[in-house]
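There are 4 protein chains.
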Amino acid sequence: METKIPVGILGATGVVGQRFIQLLEDHPWFEVAWLAASERSAGLPYAEAARWRLKTPLPSHIAKMKVSPAEPDGAPKVIFAALDAGIAKELEPRFADAGHAVVSNSSALRMYPDVPLVIPEVNPDHIKLIECQKWWRQSKGFAVTNPNCSAIGLVLALAPLHRAFGLEKVFVVTMQAVSGAGYPGVASLDILGNVIPYIGKEEEKMEEETRKLLGKLNGGAVHMAEFGISAQCNRVAVEDGHTESVSIKLKTPAKADTIIDSWTRFREIPQELGLPTAPPQPVYYDNAPDRPQPRFDLERGRGMATSVGRLRPCGLLDWKFTVLSHNTIRGAAGAALLNAELLKAQGYLG
Amino acid sequence: METKIPVGILGATGVVGQRFIQLLEDHPWFEVAWLAASERSAGLPYAEAARWRLKTPLPSHIAKMKVSPAEPDGAPKVIFAALDAGIAKELEPRFADAGHAVVSNSSALRMYPDVPLVIPEVNPDHIKLIECQKWWRQSKGFAVTNPNCSAIGLVLALAPLHRAFGLEKVFVVTMQAVSGAGYPGVASLDILGNVIPYIGKEEEKMEEETRKLLGKLNGGAVHMAEFGISAQCNRVAVEDGHTESVSIKLKTPAKADTIIDSWTRFREIPQELGLPTAPPQPVYYDNAPDRPQPRFDLERGRGMATSVGRLRPCGLLDWKFTVLSHNTIRGAAGAALLNAELLKAQGYLG
Amino acid sequence: METKIPVGILGATGVVGQRFIQLLEDHPWFEVAWLAASERSAGLPYAEAARWRLKTPLPSHIAKMKVSPAEPDGAPKVIFAALDAGIAKELEPRFADAGHAVVSNSSALRMYPDVPLVIPEVNPDHIKLIECQKWWRQSKGFAVTNPNCSAIGLVLALAPLHRAFGLEKVFVVTMQAVSGAGYPGVASLDILGNVIPYIGKEEEKMEEETRKLLGKLNGGAVHMAEFGISAQCNRVAVEDGHTESVSIKLKTPAKADTIIDSWTRFREIPQELGLPTAPPQPVYYDNAPDRPQPRFDLERGRGMATSVGRLRPCGLLDWKFTVLSHNTIRGAAGAALLNAELLKAQGYLG
Amino acid sequence: METKIPVGILGATGVVGQRFIQLLEDHPWFEVAWLAASERSAGLPYAEAARWRLKTPLPSHIAKMKVSPAEPDGAPKVIFAALDAGIAKELEPRFADAGHAVVSNSSALRMYPDVPLVIPEVNPDHIKLIECQKWWRQSKGFAVTNPNCSAIGLVLALAPLHRAFGLEKVFVVTMQAVSGAGYPGVASLDILGNVIPYIGKEEEKMEEETRKLLGKLNGGAVHMAEFGISAQCNRVAVEDGHTESVSIKLKTPAKADTIIDSWTRFREIPQELGLPTAPPQPVYYDNAPDRPQPRFDLERGRGMATSVGRLRPCGLLDWKFTVLSHNTIRGAAGAALLNAELLKAQGYLG
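Chains as they are written, first to last, in the numbering used here: chain H, 1 to 350; chain Z, 1001 to 1350; chain F, 2001 to 2350; chain Y, 3001 to 3350.
Treat the hints with care, as some may be off.
Stated by the list, open to error - Using C-beta positions, here's what the derived DEER-type ranges look like:
#1 Y/Glu3048 x Z/Pro1028: 54 to 62 Å
#2 Y/Arg3265 x F/Lys2201: 31 to 39 Å
#3 H/Thr264 x Z/Glu1025: 30 to 38 Å
#4 H/Ala63 x F/Asp2261: 16 to 24 Å
#5 H/Arg51 x F/Thr2258: 43 to 51 Å
#6 H/Ala85 x Z/Pro1313: 53 to 61 Å
#7 F/Lys2201 x Z/Glu1299: 19 to 27 Å
None of these hints come from the bench; they were simulated from the model.
From the three backbone atoms N, C-alpha and C, an ideal C-beta is built for every residue, glycine too.
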């Protein structure tokens, strides 16, 4: 039996850090060897430092593992980063600089010109961008990021259409789950029986990340895709699962059947390589008139697939439809994990 | 003291029928004199026929009132109709034919060419259309309708802009309250922790009613306003209050200040005449970055005002913003009541 | 490979009927061979007759199966019954009379003197009561029932204590999930942001079923256990999982450690025989001060285990604690399925 | 017109502080003259220091008022205190010592032998206890407290029965609203679709405060009422309104009618004196089988009345019933305000 690659988790006690632990349990390639969190937690056994918030039990070997300070010294080569943007901006470069492979879920570095923002089914070739990073040149360290939880489901639904027909315009209005805001995150008094029509910086992230993800790598730089996009983001009383009402205009006209076909047949490198976390089918289309819904469709592909439904003509653009994806699996920890699997498959993890 | 005009309520036991009773209590012009419901209820005291579902107590004189069969015979001249569309299509014409003034909240007749679809602040002149109805010619009976609960908030926000700058395109995605579906309506198992991305016929209603309301009466017919519109409708776990994410393109460019000014200063006939149910200010703009919200902003103008917020540039059209309005007051019973007040002020109630 | 026993489901389209289908998929002993529902559904493929409401997909062979009329003729020997009490009262005896083994989740026959009300971990010996049924004598048909969804979690927590120390008094207040009321069941307008302090006949069922389950079989009759019990039942905005605040007085005083031990070590015939649906450990005690909670603890033992927590002294009786169990798995379909497994193990299914 | 008494609010920016501001607007006797909060807020206009979280708008003169440091110096004689217990324990005595009338909602001093814990309808005579305080003797300052939000509704329902028949035993299980935990308080991820069977120190407070409130003042000390009491406290997904399942044993047997009569006719000093915040009828009994419910019954007596329903025999004690009261009005700010009105009426505010 092959030896597993030891990995570390930066920000291990938060909501996304916990998901990393959960998804890495029994992972065929990686095993958690190092957990880091804020100074307050350092030195404590993980079970004391974290308030475990997932439905599956905290693995007992993790419970006993001592939390390390968030310093590169002593950390394994591969680091999953689940930090708040402010801290990430300072810490992630330090780890990359010290020779670590930083696989980050934070927004801090996503739009840096030489940092790949990657969804393995969408733009796996962007990974190469890490070779342009000064960290790589100096220490073979690097940083790779995945998109915001609201962008990733959308982009998985858009990618097959962009390839086949070209996107010209994209409208999207989100209804986002509270888990997207971390823990404690949204106060119950703010969301019970309510809608909050605002999530700080979310609309900007959706608009720019979508265009970078669907952009082209060319001579060491990503040329942003050139379609227009407008996003409006709302928070609703749902625990997990971002639902999005989308409307699009295509460059080449397409019929409903052809569009649905593009979604259903969409397969890419993660599926071809059989990456452990890759969903067998990344995009599902549901014919029922009232789907997808968070209650029923969230767990497709163990939370890694995007569900689409209600394709119908749009009175202004060409087509409108509904997208749903799991914001803390496909939209966070699962996204970074799949990025790490792609890096491993391409030989970047040594 | 003037004698009040006796009014009847068709469909008095349902959610909207109950709101009529609530809003008509202590009304300065009208008093409830007749309540009708399905055969099963006819003959019973109202308190037994209806399961009262509002927070204010059932008025005791209404509790004792005997429910009549839904027949024109014996009914007062003025009838508020809160029937399901299927029944309304058959019953409302019978009442109009028998000489009654039918002030309806149902969708059944809204798009009939000679039936006015009216918001008193928006298109009060459309009321005249009733004189084209055959019922009017035969018996001085007529039917007037108000729009769907999801259209009315939107149109109140659009009307001042359409007048001042001309609308060219309108995108709208709704997050609608469960009370919009009546009682029992949406099952709790369908909506707790969930979003349902579908409400039957709602998108079609929003698109066509909006254009009729903002259309022009010309030679006995309404010419639909000619802007493009695309609606997507979702149900969320909110009791009362429809929130809408809107994006618009104007014919004449306008700055944010000017747009906010158009909303804030918007006053029309109902305000000029001081109609009893008219809100002093029909549209409020809130500068806070995260408003309006159902929890806080629903009761403005006693549920008759529309709240708007988050005006910001749109990446595809000109401007995007959020609209909130009370779906069972401004969006249903209050809308019909204000129509009746306009009819009275214009001498149509005799 | 052994042939599986064909089973039928009466009331196959409802919430509990669907759970039966879900739990019977890949069952090692039973396979669904017959589905029956109301006349309206008879003759339709199941996928058209039922609106599938579970998170796992409807198995495709079930989707195509034609729904039969609810008649014994042509039905397999073993019948799972998921009918409303009113219909069950008439239909279940007809099936038993025709020689079927009716394994029922309905309340209709539960308190009949010769009908066993059974939880396999609690009173497996009561099963013998079926040999006193006239159906058994005439046709080897019989009926076995499982308790109400609110009683079963409670009784699993009480049984080890009753055996070890004797119960003298039991107080219980429930906070029950909406799925207990079936579908559509509780209207969203009734439960969003609300508590309903009333569930029809639930308190009576809890009180009498608990005493029958913990009673003794003696000479062909069950002698009800003789402790006092008082139940108060409330509905809360939770999808699945009944939480109960319990207080008890024991005949023999016991310390906290001993009580927790009684729960933790509790094993019975289903565990000894390794019945397929039996949870390895029927009762879990959680030391955390704020557990059990529906969100985290519902799936223990794949929904078949009861969770207990917060054991602390009671100011009036001896001890108070909190109980949680899954109302549509352990509290309904899973309960009946475990009864059927016990019947099979004891040779009653031929 | 009489001059109003200037009052101050300690902890003015929190949830209860905001309720004080709301309830004091247009108060006939008091007017807000001073607002204090933590150091961070001192010096800011109130609108900047607080995030206003109530449905009625922030009064404009309050919005502009500058927040003072939480020091007695410069504060008015009468102080409403809405502080966390830890801070209250230190600050409230300092204000009392400096000659202020501290009317507190905090738990810090409630169980001090010489601090009155008062519900004006229940034990108005306990107010005299302030004359035993050393602060009174030294500076005519004093402190008066009101009970916990979960105790007050219960005690209002128990008081008429205790007087008429004598209480012997009280069981109570609560289902408490999230607003009881302040803001941000309960995380949405903790309560959506969930029940939390634990609220820190709540059960202890309910048990001891209930007995102090129903106790007798005798020779400068309160003799705790001697009935047994056991409380279990749960948090549910409700915004406002604590629902409680109660069971009682009386010393003198009483019939249902007599009990209901005791509730319905209950009137005390606040009603006799017509204190401005006193509800005309402190306890309502509702005959409907499924009431009271937070959705419908919370606003009785403008949030100052307690609703009771479902009186029925108890299998263990004598009677069981359901109690509902508004936790941030009657259970917090309104309770303190009514205490202040009683103090004024009895001449303690100078």
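Within 19 to 27 Å: is that where the Cβ-Cβ distance between lysine 2201 of chain F and glutamate 1299 of chain Z falls? The hint (19 to 27 Å, Cβ to Cβ) is violated, given that lysine 2201 of chain F and glutamate 1299 of chain Z are roughly 39 Å apart.
For the range 16 to 24 Å, tell me whether the beta carbons of alanine 63 of chain H and aspartate 2261 of chain F fit it or not. holds (23 Å)
Could you say whether the range 43 to 51 Å given as a hint is met by the Cβ separation of arginine 51 of chain H and threonine 2258 of chain F? violated (30 Å)
Within 53 to 61 Å: is that where the Cβ-Cβ distance between alanine 85 of chain H and proline 1313 of chain Z falls? Between alanine 85 of chain H and proline 1313 of chain Z, where Cβ atoms are some 24 Å apart, the hint is violated.
State, for the Cβ atoms of threonine 264 of chain H and glutamate 1025 of chain Z, whether the hinted interval 30 to 38 Å holds or is violated. violated (56 Å)
Is the distance from the Cβ of arginine 3265 of chain Y to the Cβ of lysine 2201 of chain F consistent with 31 to 39 Å? holds (33 Å)
At the C-beta level, are glutamate 3048 of chain Y and proline 1028 of chain Z separated by a distance inside 54 to 62 Å? violated (42 Å)
Hint check: violations occur at hints 1, 3, 5, 6, 7; the rest are consistent with the structure.
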